[in-house]
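Enquirer: Listed below, chain by chain, are the residues.
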Amino acid sequence: RKEVEQDPGPFNVPEGATVAFNCTYSNSASQSFFWYRQDCRKEPKLLMSVYSSGNEDGRFTAQLNRASQYISLLIRDSKLSDSATYLCVVISDSNYQLIWGAGTKLIIKP
Amino acid sequence: GAGVSQSPSNKVTEKGKDVELRCDPISGHTALYWYRQRLGQGLEFLIYFQGNSAPDKSGLPSDRFSAERTGESVSTLTIQRTQQEDSAVYLCASSHGQTLGLHEQYFGPGTRLTVT
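Those protein sequences? They're chains A and B, same order as listed. Residue numbering for the first sequence follows the numbering used here, beginning at 1 and increasing consecutively. Residue numbering for the second sequence follows the numbering used here, beginning at 1001 and increasing consecutively.
Among these hints, one or two may not hold up.
What the hints assert, rightly or not - Heads up, simulated EDC-like pairs for lysine to aspartate or glutamate below, C-alpha to C-alpha not over 20 Å straight-line:
hint, chain 1, residue 1, chain 2, residue 2
1, A, K105, A, D7
2, A, K45, B, E1104
3, A, K45, B, E1020
4, A, K105, B, D1063
5, A, K45, B, D1063
6, A, K42, A, E56
7, A, K109, A, E3
8, B, K1057, A, E56
9, A, K79, A, E15
10, A, K42, A, E3
11, B, K1057, B, E1072
12, A, K2, A, E15
13, A, K45, A, D57
14, B, K1011, B, D1024
15, A, K2, B, E1044
16, A, K42, B, E1104
17, A, K105, A, D82
18, A, K109, A, E56
19, A, K42, B, E1044
20, A, K2, A, E56
21, B, K1017, B, D1063
22, B, K1057, B, E1014
23, A, K42, B, D1024
Quick caveat, the hints were computed from the structure, so don't treat them as lab data.
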């Protein structure tokens, strides 16, 4: 089993819809979690951190479920510009080792 | 301020040649990471530097790969005797350091390596 797993997609979603996807992790001692966004042929950029209490930033909501060992990303009122690959990152208890998921591809259609 | 820069942006080399890739991190960032990303694939961790030392080299795929960092700044990734499977985008990222909560990584634009 991979340490961090994501559904590769693609998720094809109409503009304006709500979409959510998950990222599961295997190390129960993992401490920190992040969502990054990567546009086609571009470098990844931090989208948001995932806190135990959840985190909301505009149309984006990230949540952590420690019991089931997954994090989620919800995008409301999706825009064409949201089309990208969304990467989750999990930091192990060693504090510096970042484990990256392979990404979920999202395509927003007009 | 300036972000992470990498050079060259593109490199085409013949199989068997050595290549050197360069990364200039954000000034003051003590942590530096190298990743490899093959087309359509996720990020593959290669090596991590804290200052000039590399506590984690576990991701280097073979002894043809090596990296160094000097002056807690510039890092070079060297691939000797390149093979076609080395073709990928090599991404460098830097961050403030190890402290939990300071893990936001800033990525450079990458070096696209093509081995013919």
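Enquirer: Starting from the hint list further up, note which numbers the structure goes against and sort them upward.
Expert: As far as the earlier hints go, 3, 4, 5, 6, 7, 8, 10, 12, 18, 20 and 22 are violated by this structure, in ascending order.
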